[in-house]
Amino acid sequence: MQAVADPLARLPPELVLRVVEFASLSTLASLTAVSKAWHQFIDVTHQETIYSSKVGECSRDLVLQISDDPVWRFRADLKRRFIVSTSHAGGLNVTDLDTGEILWRLPSTLDSDAEEAVRPYAHLEYQDGMAVFDREGDAVEVWQADLDDAPRGEFRRIAVLDHDCQTRGFQLSYSTLCVVSTQGQGFVYDMTQRPPRRTTHLTIENDAVGHLDQSHDAVMYSMGPRGYHVYSKSTGELMGVLKPSECAERYHISPSPGTFSGETRPMTASRHGSTAPVSLGPAGSDRLMPIQIAKGRLPLPSDPDHIRNGEDEWGAGMEDNGLFVGVSRAGRVFVCSNWRKALRDSNSFQAQSAIIECESDGSTFDLGGWLSVRNNRLMFEVEDRAYIVALDENGRIQDPNRPLRPSYSLYTSSTPQLAVPVSFMALFEDSIMTTYTTLGRRLHNRDPAARALQDGLNRIFPTKTIRLISLAPDPPPGAGTNPEDSRNTGLWNFDQHPLTADAALRSQALLQLLDIFQGDFAEGGDDETDHEVDDEWEDLDDPEGVE
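According to the working numbering, the residues represented by the sequence shown are 769 to 1315, in order.
Quick caveat, the hints were computed from the structure, so don't treat them as lab data. On a predicted model such as this, the values are computed, not experimentally measured, just so you know. One or more hints might be untrue.
Here are the computed lysine-lysine pairs in the DSSO-like style, where the Cα-Cα straight-line distance is at most 30 Å [said to hold, decoys possible]:
hint	residue 1	residue 2
1	Lys-1011	Lys-1001
2	Lys-1001	Lys-847
3	Lys-804	Lys-1063
4	Lys-1063	Lys-1001
Go ahead and model the full structure; you've got the sequences and the hints to work with.
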């Protein structure tokens, strides 16, 4: 067989880069495995140039503002094509995923004394037409869609599950609802029964922080500094404890050299009454940024009182087909490729576990962090960035010198002044969804009757929206999407229209104007306006519950 000369050795780098522009991401992954030279060329020397252009070609970016009120929790139903969400100000909304139209809603306890009103900061769980959220006190409500002759998106209440102890969190999957209390109790419900039936009452340690997740047969409770406790859902027996603090293998994500400039963040200011998704166009290099994971620990801060020098506190944890991931206040991410094997003994734990360290001062962790895990990818938030880290096929951290799949980060707000912790994020086959803090525009009066009498004056206000980023390949030129074909398979609708150049320019100008105003506020500007901005984020810590 005739030998073929390596193009990398025969062609100038500029020409190779031009050729690589036409290569798919899977082709790039294959090229990095050809030789050390190709790996160096693609994943080291020209990584940002190559991968940034790929992300820009294959991604779309939307921001969906649900209402005047900041989104708290949300869940997307791709089959029914709607999003169910709760808000900082209470209430529950069901929103059409493609048009942004509100299909159905429940009022807030701040606006209504109705028995079905939903409290502020209500945690929300969802599975295949069933929504579960907490009410004032220690009970959770169960609502079901598609009952009787209910219109699309309308839910009917089927049960209220009361508890005689302080409930702190709950999680719904595998047709099972798991509830945790700070007072040493856990509950498991079979949600296929009508009404749902309690199958197990667990006795656990006190002071669970509220984050929990489950597999088909086990439930994992976050216990803060004590790690994650794993129990059998059927017997209530303790299966073991995952203690991330004992993990020896360490990696780190180097701090980004970039600054948090408003000019590099997508933003939108939506008008109330028009909640259609606003397309921000392709997600370019300023939105999804490649990151490198390196072997070893981050250097410890010199300040002995820094959070990274003390006992760490573990928050949100999530399981996916044997892979377990948890996040901590100090910016550490625990990756356990097989939690069942890790529970066998100390050696097995070390063989299955690793930690990724990120720079953090712990100031944004009061909600316990948030993450998502799916198909050997994990998404988590540290400070004001979300990270999407690709693992290998065995759920382990990739070889830093030969990663086969790229990892990225993105900002969680349109400007640093608006940054607040993410309150939900999710990975899909072709997309990611997360809460995103940006600017909105609304009428001064929130009352619908009074609003109609006003002259249409709007004011800008900070709000938390839902951001949708698709990483699906572009369709052929001129091709549309058959809604029936995509309804059950993916998030994205290819018929979305991107933001026009003029609209994008206006958005960036508005963002720059906000930066100027924020600078004036810091020097002692208009007290009334300052109060309007700050008031949006009061009571952020959600004293009633974590999950």
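Each hint, compared with the structure:
Restraint check for Lys-1011 and Lys-1001: the C-alpha separation of about 20 Å stays at or below 30 Å, so the hint holds. Of the pairs offered as hints, the one joining Lys-1001 and Lys-847 holds, with about 28 Å between alpha carbons and a cut-off of 30 Å not exceeded. Note on Lys-804 and Lys-1063: the hinted pairing holds, with a Cα-Cα distance of about 18 Å set against a maximum of 30 Å. For a cut-off of 30 Å, the pair hint linking Lys-1063 to Lys-1001 is broken: about 37 Å separates their Cα positions.
In this structure, only the earlier hint numbered 4 is contradicted, and the remaining ones agree with it.
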